[in-house]
Every structure is written in structure tokens, then in C-alpha cells.
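Residue numbers (the working numbering), protein chains in the order written: chain A, 21 to 259; chain B, 22 to 274.
Worth flagging that the hints you see were computed from the coordinates, not collected in a lab.
Wrong hints could be hidden among the right ones.
[Claimed, not checked] Below are the DSSO-like pairs computed for lysine-lysine, each with C-alpha atoms no more than 27 Å apart in a straight line:
{"no.": "1", "chain 1": "B", "residue 1": "K162", "chain 2": "B", "residue 2": "K176"}
{"no.": "2", "chain 1": "A", "residue 1": "K84", "chain 2": "A", "residue 2": "K224"}
{"no.": "3", "chain 1": "A", "residue 1": "K194", "chain 2": "A", "residue 2": "K128"}
{"no.": "4", "chain 1": "A", "residue 1": "K118", "chain 2": "A", "residue 2": "K92"}
{"no.": "5", "chain 1": "A", "residue 1": "K128", "chain 2": "A", "residue 2": "K118"}
{"no.": "6", "chain 1": "A", "residue 1": "K224", "chain 2": "A", "residue 2": "K128"}
{"no.": "7", "chain 1": "A", "residue 1": "K118", "chain 2": "B", "residue 2": "K25"}
{"no.": "8", "chain 1": "B", "residue 1": "K162", "chain 2": "A", "residue 2": "K58"}
{"no.": "9", "chain 1": "A", "residue 1": "K128", "chain 2": "A", "residue 2": "K58"}
{"no.": "10", "chain 1": "A", "residue 1": "K92", "chain 2": "B", "residue 2": "K176"}
{"no.": "11", "chain 1": "A", "residue 1": "K128", "chain 2": "A", "residue 2": "K84"}
{"no.": "12", "chain 1": "A", "residue 1": "K130", "chain 2": "A", "residue 2": "K84"}
{"no.": "13", "chain 1": "A", "residue 1": "K58", "chain 2": "A", "residue 2": "K92"}
{"no.": "14", "chain 1": "A", "residue 1": "K84", "chain 2": "A", "residue 2": "K194"}
{"no.": "15", "chain 1": "A", "residue 1": "K55", "chain 2": "B", "residue 2": "K176"}
{"no.": "16", "chain 1": "A", "residue 1": "K133", "chain 2": "A", "residue 2": "K118"}
{"no.": "17", "chain 1": "A", "residue 1": "K194", "chain 2": "A", "residue 2": "K130"}
{"no.": "18", "chain 1": "A", "residue 1": "K84", "chain 2": "B", "residue 2": "K176"}
{"no.": "19", "chain 1": "A", "residue 1": "K128", "chain 2": "B", "residue 2": "K162"}
{"no.": "20", "chain 1": "B", "residue 1": "K176", "chain 2": "A", "residue 2": "K130"}
{"no.": "21", "chain 1": "A", "residue 1": "K84", "chain 2": "A", "residue 2": "K118"}
[Claimed, not checked] Pair ranges (Cβ atoms, derived):
{"no.": "22", "chain 1": "B", "residue 1": "I31", "chain 2": "A", "residue 2": "Q195", "range": "35 to 43 Å"}
{"no.": "23", "chain 1": "B", "residue 1": "I31", "chain 2": "A", "residue 2": "D145", "range": "47 to 55 Å"}
{"no.": "24", "chain 1": "B", "residue 1": "Q166", "chain 2": "A", "residue 2": "L197", "range": "48 to 56 Å"}
{"no.": "25", "chain 1": "B", "residue 1": "Q269", "chain 2": "A", "residue 2": "D226", "range": "50 to 58 Å"}
{"no.": "26", "chain 1": "A", "residue 1": "D145", "chain 2": "B", "residue 2": "A34", "range": "31 to 39 Å"}
{"no.": "27", "chain 1": "A", "residue 1": "K92", "chain 2": "B", "residue 2": "T273", "range": "53 to 61 Å"}
{"no.": "28", "chain 1": "B", "residue 1": "H179", "chain 2": "A", "residue 2": "H149", "range": "20 to 28 Å"}
Glycine is no exception: its CB is placed at the ideal position from the N, C-alpha and C atoms.
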Amino acid sequence: MNVNNTLNTIVSFSHLELTLAAQTILSGVSFSINKGDKVALLGDSGVGKSSLLKLIAGIHQPSKGCFNTNAKRIGYVFQEPRLLPWLTVEQNITEAMKANGISANSIKLKLPKLLSQVELSQYHDYYPHQLSGGMAQRVSLARAFAITPDLLLLDEPFSALDNTLTNQLTRLLKQFLTPEITLIYISHQIEQVLALTQSCVLIKRDPHSQTSTISQHSTATSNEQACFVNQYYQQPIVC
Amino acid sequence: MKAKIKLAYILYALSVLSLLALWQVMASQVNSMILASPLQTLTKLAELLYNLSFWQQLLVTLIRLCYALTMACVIGFTLGLIAGLHTWLKYYLAPFRWLLMSVPPVIVVLLAMLWFGMGSTMVIFITVLLLSPTVYINTQKAVEQIDTQWLELAKVYHFTWLQRLTKIYIPAISAPLCSTLIIVCCNGVRIVVLAEVLGSHQGVGFELANASSNFDTAELYAWVTVSLLMVAFLELALLRPLQNQLLQWRRTI
């Protein structure tokens with residue numbers, strides 16, 4: 021990670037401020053993430069992690085400061101699956117693909133493979149309410165990867181699932197994650213953070229000045245990442 | 022599910038039979054000049070069916086109804102959709118909506134007769150003017166209630182405006198939209214017939230007025246039955262399939 025906006029940078033923030041409903045959510049945020057980085061976004065609840073992801077995805081606009089992204093296609097997996105209830109599994113995925121300019125022929129070729137990877141081939145014509153929580157989140161993951169994203173945003177995607185399902189989905193995610201894909205991952209589950217990321221961005225907020233402090237921790241090895249994440253979660257250091 | 026549908030049809034049939042029985046009892050208590058019996062009405066209706074003029078008058082009303090409903094729905098839905106997304110239009114249109122929903126229909130009929138004279142333009146104008154605010158307000162309120170999570174999703178995945186319209190807005194508001202369409206179709210028939218009674222030389226309303234002036238009670242009730250059948254046709258042949266299509270996914274719940 022570096023702080024300059026170069027060709028290798030996929031997202032960069034400079035003195036960014038985000039205000040929503042007259043409340044300052046983020047202030048003084050400056051950092052950047054390079055292409056291919058797998059970054060964990062850590063911080064206490066309410067510090068503005070999800071808002072930062074929404075800003076990257078274009079849902080929110082910064083009130084002040086500068087935000088740049090070189091990402092062409094952004095995949096987003098929300099805390100809840102967010103599948104359109106009136107569309108089938110297949111339609112939920114294909115609509116996202118069509119919106120991202122993927123041709124009908126490519127969709128025809130790619131969709132069966134994708135559904136098979138998430139083990140939902142036989143459920144392609146099911147509506148979201150006919151699926152379990154884990155299956156719905158798998159569709160959400162398939163939708164995010166269907167558009168061949170260069171930036172993947174994960175906002176606590178497994179928080180509502182049990183450990184078995186979480187581990188199953190983490191394995192699935194690792195299968196999909198190629199070195200080209202940049203990952204920004206919010207999670208309070210230490211095992212998943214360690215399994216999927218190599219570096220961390222820590223957001224803290226000063227309760228008096230309402231200013232957000234950003235600290236970036238690039239790690240050369242997975243052990244260093246484990247040390248930092250363990251320290252952050254105040255658990256015994258395993259490295 | 023099939024048993025439920027069967028029960029629904031049995032209840033519909035029972036309801037219709039109760040109405041017919043009540044009608045027959047009432048008709049037997051009063052003079053046939055005041056209230057024609059179901060049998061007299063049906064006999065007259067059967068006579069009318071063999072008359073070419075009946076079909077011509079019915080066609081005139083149906084064409085007017087078709088134009089008026091289409092225009093009212095398109096205007097009301099388009100403005101409602103935009104006003105639901107942009108509050109400036111909602112505030113700008115609020116006085117117009119209030120005015121059109123508050124003014125008694127008969128005043129609109131009188132004014133329209135003054136402006137357009139008697140005929141189709143007047144009938145269609147009145148119907149559109151009186152129905153589009155209902156479609157508008159229901160669409161606008163429904164669009165305002167759409168869960169922001171779907172709109173966020175559309176933004177993240179760069180849905181086109183057509184995808185937003187067909188895959189998010191219309192399905193998300195389909196339930197209130199279907200109820201609105203039923204109200205609008207029923208009221209549409211009422212308004213078209215009322216406007217024809219007051220200011221037209223053709224149509225079901227005109228024939229109703231004629232039958233009333235000639236004290237032909239049986240024919241009057243036959244034309245009333247025709248207007249009821251028009252509502253039934255609109256609801257069963259057009260709205261029910263549309264509703265089934267839009268709310269198809271709910272049937273799997």
C-alpha cells in the first residue's frame with residue numbers, strides 16, 4: 021500500500037470527509053490501496069467502515085476531500101444477501117452481468133459454471149425466499165464474481181451465518197479470489213480476516229474532535245498479519 | 022392451494038346467487054316500472070345482444086374506456102414515479118393533485134362539456150383528469166416506500182434505467198399498483214358511463230339515459246348489467262393475468 025495515487029493504486033482517499041444526515045461519519049481520511057491487495061478494514065462498530073465501503077462503491081458521495089478509484093467493475097457482498105425477491109437465482113446473477121455489459125453469449129457460457137461452483141445448479145430457478153441463508157449468500161457471492169470484478173467489497177458477509185457455513189463460504193471465496201482481484205474486507209471474525217487478507221487498515225475515531233485516524237499495516241508475511249490482527253482482537257498471539 | 026381456489030370460486034358463486042336472490046325478492050315487492058326483475062333484465066339483455074346497435078354502442082364505450090385508462094395510467098404512473106424519486110416534483114404537483122381529487126366530478130363534466138362539446142374528447146378528458154391523480158398518488162407513495170437496499174444494489178451494479186424500471190421499481194410497487202389498477206378500472210367505467218349520460222350521443226351511458234327517458238326499466242337494468250360486465254371483463258380478463266404475472270414470485274411463498 022502507498023499513499024500516492026499511481027497507476028497501481030485502485031482506491032485512494034485524501035482528506036476525505038463523509039457527512040450523512042448532518043452527522044460526520046468520516047473525517048480526515050487519507051490512504052490508498054494498491055491493485056491486487058487483500059485488505060482487512062478493521063475498527064469498532066459505528067466508526068464508519070461500512071460507509072467507507074459504500075463510498076467506494078458509489079452509493080455515498082464525499083462531502084469534502086478527494087476520492088479516486090481505478091476500479092472498472094466492483095463486486096459487493098453485503099451483510100445480508102440483498103437478492104431481488106421477485107427474481108430467481110439465475111436472474112439475480114444475470115441482471116448484474118447485463119448491467120456490467122457482459123454479452124448474452126458470455127452469460128450463457130459463464131452462468132452454469134458459476135452456479136456449479138457455488139453448488140446451486142439445481143436451484144437456478146428458485147426464488148430467494150426458497151433458499152436458506154447460506155445458499156442466498158452463495159448467490160450473492162456468485163453475483164459479485166459473475167461480473168469479473170477488479171475490486172471486491174465484502175461487508176461482514178458471514179455475520180449472520182454459523183461457523184460451518186462461514187468456513188464453507190470462506191473456502192469458496194478463496195477459490196474465487198485471484199491475485200488480480202483487490203479485496204477490501206470488513207469482518208469481526210478473526211479466522212476469516214486471517215484466511216483472506218494480507219494487510220490491514222485500522223480506522224479509529226476521536227470522540228471529541230470526530231476526526232477519523234487511519235493506520236495502515238502492510239505485512240510481508242502471513243505471520244506478521246496474524247500478529248497484528250491477533251493484537252487488534254486482543255487474543256493470544258499465535259505467530 | 023387448489024382447494025383454496027375451489028373454495029374461492031364457490032364463495033364467488035354463492036355471493037352472486039345471494040345478490041340475484043335479493044334482487045328477485047326486492048323486484049317482487051315493487052312495481053316493475055321501478056325495479057325490473059333479474060329475469061326481465063336478462064330477457065331484455067338477450068334481445069339487445071341480437072341488435073347490431075348494441076355492439077356499436079358498447080364498442081364506442083370500450084374504445085373511450087381503453088384510451089382513457091391507458092392515458093390516465095401512463096400519465097399517473099410516469100409522474101408518480103418521478104415524483105417518488107424527486108421530491109421537488111412531488112411538492113410542485115401537490116396543489117394540482119389536491120385540486121383534481123377534491124373537485125366534484127360533475128363540475129369537471131360541466132366544464133369539459135363547455136370546453137370540448139359533447140363526444141369522445143370530452144368523455145376521455147374527464148376520465149383521464151379524474152383518474153390520473155389516483156394512479157399518481159399511489160405510485161408516488163409506493164415508490165417512496167421502496168427499500169433503499171434495492172436502490173443501493175442497482176447503483177453498485179450499475180443497473181441501466183430500464184433495468185431499474187423493470188427489475189426494481191415496477192416489481193417493488195406491483196402489489197399497490199395492482200390494487201390501484203383495480204380501483205382505476207372500476208372508477209373508469211363509472212366515470213365514462215356518467216360522462217356519456219350527461220354529454221354524449223353515443224355509448225352505454227347514452228343508451229342508459231335513453232332507456233331512463235323512455236321509462237324502459239328492463240332496458241335500463243340491462244345496460245346497468247352491461248356496465249357491470251365491463252368491470253368484470255376488465256378485472257378478470259386484463260387485470261387478473263397482469264397481477265398473476267407481476268406477483269408470480271409471491272405464489273411460491
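So, going through the hints one by one against the coordinates:
1. B:K162 <-> B:K176: holds, 22 Å
2. A:K84 <-> A:K224: holds, 19 Å
3. A:K194 <-> A:K128: Within the cut-off at roughly 24 Å; holds.
4. A:K118 <-> A:K92: holds, 15 Å
5. A:K128 <-> A:K118: holds, 11 Å
6. A:K224 <-> A:K128: violated, 45 Å
7. A:K118 <-> B:K25: violated, 39 Å
8. B:K162 <-> A:K58: Not satisfied, since the Cα-Cα distance of roughly 43 Å exceeds 27 Å.
9. A:K128 <-> A:K58: Measuring from Cα to Cα gives roughly 30 Å; hence the hint is violated.
10. A:K92 <-> B:K176: holds, 14 Å
11. A:K128 <-> A:K84: violated, 43 Å
12. A:K130 <-> A:K84: Outside the cut-off at roughly 41 Å; violated.
13. A:K58 <-> A:K92: Within the cut-off at roughly 17 Å; holds.
14. A:K84 <-> A:K194: violated, 36 Å
15. A:K55 <-> B:K176: This hinted pair holds, its Cα atoms lying about 22 Å apart.
16. A:K133 <-> A:K118: holds, 17 Å
17. A:K194 <-> A:K130: holds, 19 Å
18. A:K84 <-> B:K176: holds, 21 Å
19. A:K128 <-> B:K162: Given pair K128 (chain A), K162 (chain B) is violated - Cα atoms ~38 Å apart, limit 27 Å.
20. B:K176 <-> A:K130: The hint holds at about 23 Å.
21. A:K84 <-> A:K118: violated, 33 Å
22. B:I31 <-> A:Q195: 35 to 43 Å: violated, 55 Å
23. B:I31 <-> A:D145: 47 to 55 Å: violated, 33 Å
24. B:Q166 <-> A:L197: 48 to 56 Å: violated, 38 Å
25. B:Q269 <-> A:D226: 50 to 58 Å: holds, 52 Å
26. A:D145 <-> B:A34: 31 to 39 Å: Holds: the Cβ-Cβ distance is about 35 Å, inside 31 to 39 Å.
27. A:K92 <-> B:T273: 53 to 61 Å: violated, 36 Å
28. B:H179 <-> A:H149: 20 to 28 Å: 26 Å Cβ-Cβ, so the 20 to 28 Å window holds.
The structure does not agree with the numbered hints 6, 7, 8, 9, 11, 12, 14, 19, 21, 22, 23, 24 and 27 stated previously, though it agrees with the rest.
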